[in-house]
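For reference, each letter of the sequence shown is one residue, going 1 to 415 in this note's numbering.
It is possible that part of the hints are untrue.
[Unchecked claim] Distance windows between CB atoms, simulated: (1) D219 / A74: 24 to 32 Å; (2) A202 / G250: 18 to 26 Å; (3) L166 / Q131: 49 to 57 Å; (4) E407 / H283: 28 to 36 Å.
[Claimed, not checked] Result set (SDA-like, lysine to any residue): computed pairs, CA atoms no more than 25 Å apart in a straight line: (5) K136 / L116; (6) K115 / K228; (7) K52 / N246; (8) K115 / N125; (9) K94 / Q238; (10) K136 / L193; (11) K106 / T251; (12) K358 / R392; (13) K136 / G205; (14) K106 / W244; (15) K52 / L331; (16) K228 / R392; (17) K184 / A203; (18) K403 / G378; (19) K184 / G205; (20) K228 / R261; (21) K340 / Q366; (22) K310 / P325; (23) K126 / L116; (24) K369 / N414; (25) K52 / R261; (26) K228 / G205; (27) K115 / K52; (28) K349 / L391.
Hints are computed from structural coordinates only; laboratory data are not their basis. Since this is a predicted model, take the numbers as computed values, not measurements. Beta carbons: idealized from backbone N, C-alpha and C, even for Gly.
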Amino acid sequence: MDRAISTSTQNRRQRRTWLLGAGALLLLAACLFAFRNVLKPTLERNAILTAKVETGDVEAALTAAGVVIPAHEAVITSPIQSTIRQVTVAVGSKVLPGQTILELDKEQTTSALAKLQDEQQQNRNKNSQLQLSLEKALNDLRSQEQVQLVRVRSLQSALRDEQYLLKIGGGTSESVRQAELNLKIAQLELKRLGEQIRNQRAANGADVRELGFTMQIQDRSIAELAGKLAQANISSQQPGVLTWVNEDLGTTVQAGDPLARVADLSRFRVRATISDAYADALHLGDPVVIRINDTDLRGTVSTVSPAVDKGVVTFYATLAQDHHPALRSNLRADVFVVTKAHHNVVRVKNGPFYQGGKEQPVFVVQGGKVTRRVVQFGDSNLDFVEIIGGLRPGEEVVVSDMKEHLETPELTLNN
């Protein structure tokens with residue numbers, strides 16, 4: 001027959017059941033905790049870049065591509081049509097005023113100058129001949145005038161004689177009228193000769209002046225060509241460095257073609273190009289920052305080209321330190337045209353995390369975690385982004401690209 005189970009046995013069995021249940025619950029909790037840690041997203045600390053939020057200045061700027069050029073560069077052109085005969089100075093060498101850089105063939109110009117001089121000598125001979133011819137014609141007219149003057153005086157005497165004879169009854173009225181007519185005709189002829197002499201003098205002066213003008217023009221042509229011939233040995237008018245020279249010996253060059261460039265490499269400026277979409281934002285006097293190999297130089301916009309070439313606008317910037325050691329001719333530089341300046345604002349270093357909007361999520365480092373937070377941004381430049389809201393100075397922000405984790409509210413940092 002069955003026996004009743006003792007109370008102690010029942011209590012022992014009940015404790016065993018509770019212990020097994022509690023152990024099972026603990027095991028389940030441990031498994032859930034371990035599973036949760038396995039599923040929780042993590043991030044390697046050395047895989048990200050961070051920056052501290054700080055207070056400072058933010059200058060909103062337009063980015064342009066620039067090239068350092070000499071502040072002053074003289075282009076030396078060919079004074080004559082000729083061929084390149086010899087180059088006496090190598091590119092990169094220093095040149096002094098008057099030092100010959102390049103020689104041109106002078107033979108053709110020398111022949112042209114000699115021809116002009118011969119023509120001028122012919123003009124001088126023509127001038128002498130003209131003077132003699134005009135003086136002879138004027139002398140002939142003067143002689144005719146003297147003869148006619150004598151004739152007038154003779155006819156005046158004859159008229160007085162006829163008038164006297166008529167008065168004493170020895171002459172006739174017809175003879176007096178005839179004498180008066182002859183005198184009047186002679187006087188008119190004398191007047192005509194006087195006018196002809198005056199006209200001849202005026203014509204002589206005009207002919208002499210015309211030939212004189214021709215000779216003056218020829219003299220200027222001779223002087224101009226002689227000056228160009230003297231410049232056929234190409235030289236610089238200022239000290240500097242030869243940055244370029246046409247070294248193609250025997251090449252034919254026309255008058256006005258560039259032959260060499262001499263630059264003053266002690267002073268520089270910057271030529272920059274920017275998209276024509278920003279043309280209206282460029283103004284004379286705008287401050288600029290020139291970045292050359294991590295060196296920032298300040299300057300201002302000095303010239304803006306009014307023309308657009310292939311979608312870009314060219315402008316020039318003068319530098320406050322135009323003799324800085326970092327400056328080199330033809331060195332490429334980043335140019336930032338400052339459009340706005342904000343002082344003592346909250347800022348953070350610019351990086352791949354910033355997408356250019358006014359509001360976006362960022363990840364803030366807090367202890368061993370990275371937490372997503374929505375932040376409001378203001379103006380920006382290549383270095384910094386202005387923080388309007390969502391971050392405080394001293395907080396640490398992930399500036400790496402975090403596009404893959406934008407939907408994750410929190411990540412664990414693994415050192």
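To see whether the hints hold, each was checked on the structure:
no. : hint                    : result
1   : D219 / A74: 24 to 32 Å  : 30 Å, holds
2   : A202 / G250: 18 to 26 Å : 57 Å, violated
3   : L166 / Q131: 49 to 57 Å : 52 Å, holds
4   : E407 / H283: 28 to 36 Å : 44 Å, violated
5   : K136 / L116             : 30 Å, violated
6   : K115 / K228             : 15 Å, holds
7   : K52 / N246              : 55 Å, violated
8   : K115 / N125             : 16 Å, holds
9   : K94 / Q238              : 11 Å, holds
10  : K136 / L193             : 15 Å, holds
11  : K106 / T251             : 14 Å, holds
12  : K358 / R392             : 17 Å, holds
13  : K136 / G205             : 14 Å, holds
14  : K106 / W244             : 23 Å, holds
15  : K52 / L331              : 33 Å, violated
16  : K228 / R392             : 72 Å, violated
17  : K184 / A203             : 28 Å, violated
18  : K403 / G378             : 21 Å, holds
19  : K184 / G205             : 32 Å, violated
20  : K228 / R261             : 19 Å, holds
21  : K340 / Q366             : 33 Å, violated
22  : K310 / P325             : 34 Å, violated
23  : K126 / L116             : 15 Å, holds
24  : K369 / N414             : 9 Å, holds
25  : K52 / R261              : 50 Å, violated
26  : K228 / G205             : 34 Å, violated
27  : K115 / K52              : 82 Å, violated
28  : K349 / L391             : 13 Å, holds
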